[in-house]
Amino acid sequence: MIGVGRMGLPMVARLVAAGHEVVATDIRSECRSTVEKAGARWASDASQVTRGSGVVLTVLPGSPELRELVLGSDSLVAAVDGGAVWVDLTSASFELGQECAREAGRRGVAYLDSPVGGGVPAMREGTVTLYVGGDVDVLESITPVLRAFAKTIHHLGDHGTGYLTKLLINLLWFGQATLTTEALLLAQRHGQPAHRMRDVLLGSAGDSAFVTHHLPALLAGDYLRDFGLDRCVEELESIEHSAGRAGTPHPLTSAVADVHRRALHHYGAVDGELMGPAWLEEQAGSRLRDDES
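In our numbering, the protein residues as written are 1 to 293.
No lab work stands behind these hints, which were simulated from the structure alone. Wrong hints could be hidden among the right ones.
[To be verified] For each label pair, taking beta carbons as the anchor points, the in silico distance ranges come out as:
| no. | residue 1 | residue 2 | range |
| --- | --- | --- | --- |
| 1 | Arg289 | Lys37 | 34 to 40 Å |
| 2 | Asp137 | Lys37 | 33 to 39 Å |
| 3 | Val136 | Asp258 | 36 to 42 Å |
| 4 | Pro249 | Ala17 | 45 to 51 Å |
Quick caveat, the model's predicted, so the values are computed rather than measured. Glycine included, C-beta positions come from ideal geometry on N, C-alpha and C.
With these hints in hand, go ahead and build the complete structure from the sequences.
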């Protein structure tokens, strides 16, 4: 296991609890105590993790870190044993997934892109969703390992399609959050409380996963700080780039990305998946709050 941050550490705990022998590392040496407390062995670097491992899992902050680990001067893939399977659980770009596949193929390493959906709480509970790109036979061979922390596993197709699917789901969520905030700010300006508007939206044509599951957090002043605003922008810009390369229209994608770019410029690289909506609240001069709480 390489990467024991917010998602990686509970993943280690789930794997250990399932009876797997886990060796883990991170560039932050201060993670050692928490890794060992979870029941895994600490390794000083990635090469010690890969040596003798049948399955190598990587979960990194984003595309830049993955690119450096895999395509940098000290490539991770070069250290993976023959016959091992490398599964990357980072939320990265479609194009980077294809690059990783080429590098892995060149070195004879089986590789799957398998970003995670569901967040930290779902990882702790072992109920995350995986969006997988790559050889289905490879996926089937390591599914028992993945079941230690994943409830649902979608095989999407060739390398890179797992990354792309996860980012598109995130795009739709960011879009729902942004547009819902705009709508509720206007309703609130004209005297309709945000919590009342949510009651009306539930089950209507304007309902969404955001309205059903996540809007209450925004109304309570919780901006979902398990993910950095700079990473939100990174993901949205990855989708813009992919759409540009594919020649598909993406004006709304760019509009959503621009809201988050402006929020990043204003707030800096703070934590919060809902800092885009926070920026809209800032512009409106009012916050969306549940008056009944």
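Results of checking the hints against the structure:
no., hint, result
1, Arg289 <-> Lys37: 34 to 40 Å, "holds (38 Å)"
2, Asp137 <-> Lys37: 33 to 39 Å, "holds (36 Å)"
3, Val136 <-> Asp258: 36 to 42 Å, "holds (38 Å)"
4, Pro249 <-> Ala17: 45 to 51 Å, "holds (46 Å)"
Taken one by one, the earlier hints all hold for this structure without exception.
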